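*Asks:* Assemble the whole structure, with the sequences as input and the hints as a guide.
Chain order of the listed sequences is A and B. Positions in the first sequence are counted from 1; adding 1064 to them yields this note's numbering. Positions in the second sequence are counted from 1; adding 302 to them yields this note's numbering.
Be aware that a few hints might be false.
[To be verified] Think about it this way: if two alpha-carbon atoms lie no more than 30 Å apart in a straight line, the pair counts; the simulated BS3-like pairs of lysine-lysine are:
| hint | chain 1 | residue 1 | chain 2 | residue 2 |
| --- | --- | --- | --- | --- |
| 1 | B | K399 | A | K1091 |
| 2 | B | K451 | B | K560 |
| 3 | A | K1183 | B | K641 |
| 4 | B | K641 | B | K560 |
| 5 | B | K411 | A | K1091 |
| 6 | B | K411 | B | K399 |
Read the hints as simulated data drawn from the structure, not as lab findings. Since the model is a prediction, treat every value here as computed from it, not as a measurement.
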Amino acid sequence: MSLASVSDSVPDEVAPGSNPLLRTIVKWLVTFILVVVAVVALYPLVFTVLNSLKTRTGYAQNPLGLPVDISFENYAETFVRMDVPRLLFNSIITTGGGLLLSTVAALFIAYAVTKLRIKGGNLIFLFIIAMLVIPSQVVIYPLYETILDLGLGGTYQGLIFSYAAFGLPISTYMLAAFFRAIPDELIEAARIDGAGELRILFQMMLPISTPAIAALSILNFVWMWNDLLLPLVIMGGSDKTTLMVGVALLSGQYDVSIPLISAGLIVALLPVMIVYLLFQRQILSGALAGAVK
Amino acid sequence: MGVLFPHRLVSCGVAIDRPEPVHPAPFFQAFGQSMTQIDQSSSSGLTRKKRRMRPELILGIALVVPGIALAVIFKLVPLVRAFILSLYQTRGFEDPKFAWFANYASMFKDPVFATSFRNAALVFVTLPVWIFLPLVLALLIFQRSPGWKAFRAIYFLPYMIAPIVVGIMFRQILAPDGPLNAFLIFIGLAPLAIEWLNGATSALFSLTSVALWSFFGLGVLTYLSGLSTVPDEVIEAARLDGAGFWRLLIEIVTPLLKPVIGYWTVLCTSSMLIWMFPLIYALTRGGPGSATMLPEYLVFTTTFEFLNRGKGAAIGMALFVFAAIVSAFVVRRMYAEGKASK
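*Replies:* Right, here's the structure in full:
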């Protein structure tokens, strides 16, 4: 992330009449508080990275300090123990599928209820976003039964559909709110020019709404990738389970050393960290802050 | 296809009753042509309007069906099934027996159920910290302290980390011989170096603190985006009046943030109810005893560990009532912002 330099700072904004010494003290106090919180926020990650680089004996001798000789054997072992390539593939397929399906379904509904003005459009919109009141914890077993009844037990589709359904309310809301801000005149003009509705949707609305789609994709990516309960119940310990379930099950095994599980944790959170680095401008601009699950 | 929507084109004030040019995109051409045919074949104004409505309706239905199907099959049906299941007595793998409200009766008599909601109430007591800590940090960052962009990025980092990963990380950090206790002993606070995850009160306190660690960055970001909407003139005018920056923030900016604070409070409340599962799973599994048992985790253990699915569903229904009331506030706000204006 852009660890912004001090050049970002703007001259202090204390009232003009106040004492310069007091002003300096307040300024340093503020910075001190911010630094302490930053250390608290970063330390667990640093601690885990350091431990993941220690050997088993190196950790036993020195659990809290810096690693004496850096070793990557934990990463090699975690790749085999957790079958990282397989779980990574599963996570990508299910998160990607859920993301795509939920975005497309939301795009369709948002367009239909905001721009087609179909009868009862607002009611449909309300119905979709009202699904937000049903948390996965409440329905987890019947959801699992429903997936089994549909013949989707142990398949990627079962988890993909669940992700899509649980991501749908927020995606629909974000796109509908965005579409509402697009003037109707623009669409009327395209219609007069003879553009069909689907063409308006895909060639006009879709490019315009890239910022909204980017924001909701990041949002959905993070919770789908990080989710534990849905894949844990739907996929269990099968070979189609996700990285998060893999790391949860690995941490429960009795012979797992702390350096080994630390390496597993780093592997599990690395993809999200990469997304954070790549999209930090969009994420931190606050586009997501107003619309979180 | 413009002529398909006469009732709306009128508002544009453009001549609309002209033949529609078939647009060039080959993929939609067939579709467009069939529309044009319908248009040309119709003669009288009334029937024409009626017929023209149909393709729009069909398209509308086609667009909403996938989403509605997802919502119904994977959310509404499971909810209804959860309620039905809560009326059945299930023992392990035996056939379920219809038992009216026996599960609810057993649930209310179960001390663990009472404990789980009492624990949830204890977590709610910390709500002011959840609301005001991010607010204070956002205000400190907002006054452009040196390196504010870096602080903002660092504070949001914990929220990006999966709660299950957070839980496993903190299991090591809070271990009796872990770095937290080593630090406390180092700075001379040895009496505070306790078994964080293994005491009757310390475990729930630790769980809540870890959840706050994981969640506060989102609050900072939420408040910052709220602060950015405060008009510059408001701040400028106050400064001309000679108000100090802090007085300005507390007396003028914070009242303007009331809606954001309200939204964030709702978000925290619902997270306390339905977001702690992976943390409990990694940190304490509800223990010691049932000191960190929260309703959402009780649903899970009752269903999958004790295989009492009927009672698990009944507890789920109790949790649903609370979660739904809280989320309804979010839904109301979303509906107001996203509904089509008439």
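*Asks:* Checking each numbered hint in turn, tell me which of them this model violates, lowest number first.
*Replies:* 1, 5
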